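**Student:** Chain order of the listed sequences is A and B. To convert, note that position 83 of the first sequence is 83 in the numbering used here; the numbers rise steadily by one, no gaps. To convert, note that position 130 of the second sequence is 130 in the numbering used here; the numbers rise steadily by one, no gaps.
Treat the hints as calculated values from the structure; they're not laboratory data. Do not rely on the hints blindly, as some may be mistaken.
[To be verified] Okay, derived cross-link-like pairs now, DSS-like style, lysine-lysine, Cα gap no bigger than 27 Å in a straight line:
hint: 1; chain 1: B; residue 1: 38; chain 2: B; residue 2: 293
hint: 2; chain 1: A; residue 1: 37; chain 2: B; residue 2: 67
hint: 3; chain 1: B; residue 1: 71; chain 2: A; residue 2: 37
[Stated by the list, open to error] Coverage of chain B stretches by chain A, computed from C-beta distances (three or more under 8 Å per stretch; other residues unrestricted):
hint: 4; stretch: 70 to 77
hint: 5; stretch: 91 to 101
hint: 6; stretch: 169 to 182
hint: 7; stretch: 231 to 244
hint: 8; stretch: 313 to 323
Treat the numbers as computed from the prediction; the structure is a model and nothing was measured. Every residue gets a Cβ at the ideal spot worked out from N, C-alpha and C, and that includes glycine.
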Amino acid sequence: MTGVIDSYIPVAIFFIVALITPPVMMFIVHQLSPRSKAERKLTTYECGSVPIGEARIQFNVEYYLYAIAFVLFDVEVLFLYPWAMVYINHGITAIATVEMFLFIVVVLMGYLYLWKKEALKWVK
Amino acid sequence: MMSIVEFLFNPWVRGILGLALIGIIFFSAVITVWLERKFGADIQSRIGPNRVGGRFGLLQLIADAIKLFTKEDLIPAKADKLLFVMAPIVILGSAFMMIVAIPFGAIVIGDNSYPIAATEFDISVLYLEAVSALSVLGIFMAAYGSNNKYSMLAAFRNIARMIGYEVPLGISIIGIAVMVQSLNIVEIAQAQSPLWFIFVQPIGFAVFFISILADMGRLPFDQNEAEEELVAGWGTEYTGMRWGLGLFAEYIHMILGSCLMVLLYFGGWNLPKFITDIYVIGMFAPIYWFIAKVVVVVMTIIMIRWALPRFRIDQVVDLGWKVLFPLSVLNLLWAVALGLFFGA
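Excised from the complex, chain A in its bound form (with noise of 0.2 Å):
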């Protein structure tokens, strides 16, 4: 009925939407509020004492390593999506399901080896 672009028309306008709605309210929201200057008020909270210090700190590296372990699972989802959509009825089914089997058997290891590692442990 509509090509594959039209229907991503819908997406666009809501797009917009999204992108003018917050700025709208809070242009109402300046209108109905009350200003009041004090240098004061300005600080960071923490429980009311004066800060100390930046909050963006420099993170474990070990926070970095868990997010890679994140992005090569990520990717392995993503590779199953298409294979998802084609193992049965297009005649490959036999080799797309062996050649599946492999890819997780090959990723587990993957997965096994990161716990062993304890990659995937919060604190250690």
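Following the hints, position chain B against chain A.
**Tutor:** For chain B alone, kept in the frame of chain A given last:
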């Protein structure tokens, strides 16, 4: 008759009419806020909102809205202004972009069913997963922008949690895609006409349910807010409506996540033919059926919030990687076996 249908299915008309869905979902998010307060109060033997608008505090919503609109908007001096202002837009945008692809029931006329969605396309499930994950980015922007230690802690925890639960969520959705041979959410809903997928893939449902709870940031997985430890998590520096936008985005996420759960596992809007054949009532019955299921799921999620304590972050991460991931792979193998048995 045909021309009306064709007119309504024009993508421009559909997109603009679909904007009404944003309003409806926004309104139901407001109602859910009230429902959560009242229902939570009931569970804990409290009274809950009862001052504004009669015994049930029905006008509490309006009072809250007025309060949010009239609060002063503060941006801390040390904040990164651009990130601070953009963050609620990204969080709310992620919720709005989800609305576009979700069908909220369907109107059934004879053998044709017309889903009530702003659009439908081939990869809508993948699209929904991608767009809903964008809210993490918004939460990190909010935390980094507000330059607050509590916010940063919340954002780090939030990202660690999302990282752990995106993968099981994705794999459990593949389990469904394997059965239906489609990523179109309308086709997935219609494929469950006799049998709901929760009965076919109970493990997959368990994984999906826990992962989507974590995805929505609902208790026991609300480490991004964790009022008792992190003040208000990512929203510590936010005031008034800017915080309110984030709050509504969270509730919209919860409603849309429940819709997704109903569409993927609880049979969507499908009703037996003898019901949809009833004149006029049958036409709209699928919508009511769908909404009823969504309400049940939302109530369950609210009940879970008031019944379970919050997990520690290391427990959350362990549960995601060491329990849900293997279970989701197991479910995938089960789905493939079923697919080969029935499909080939």
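**Student:** Does each hint fit the structure? Answer for all of them.
**Tutor:** Each hint tested on the structure:
For the proposed pair residue 38/B and residue 293/B, the alpha carbon gap of about 20 Å is at most 27 Å, so the pair holds. A C-alpha spacing of about 20 Å is found between residue 37/A and residue 67/B, which places the hinted pair at or below 27 Å, so the restraint holds. For the hint pairing residue 71/B with residue 37/A, the CA-to-CA distance comes to about 14 Å; that is within 27 Å, so the pair holds. Residues of the stretch 70 to 77 of chain B with a Cβ under 8 Å from some Cβ of chain A number 8, which satisfies the need for three, so the listed coverage holds.
Look at the stretch 91 to 101 of chain B against chain A: 7 of its residues bring a Cβ nearer than 8 Å to a Cβ of that chain, three or more, so the hint holds. Check result for the stretch 169 to 182 of chain B against chain A: holds, 7 residues qualifying (beta carbon to beta carbon below 8 Å, three or more required). Requiring three or more residues with a Cβ within less than 8 Å of a Cβ of chain A, the coverage given for the stretch 231 to 244 of chain B holds, as 6 such residues are present. For the stretch 313 to 323 of chain B, the stated coverage by chain A holds: 6 residues have a C-beta nearer than 8 Å to a C-beta of that chain, and at least 3 were required.
The structure agrees with every numbered hint stated previously.
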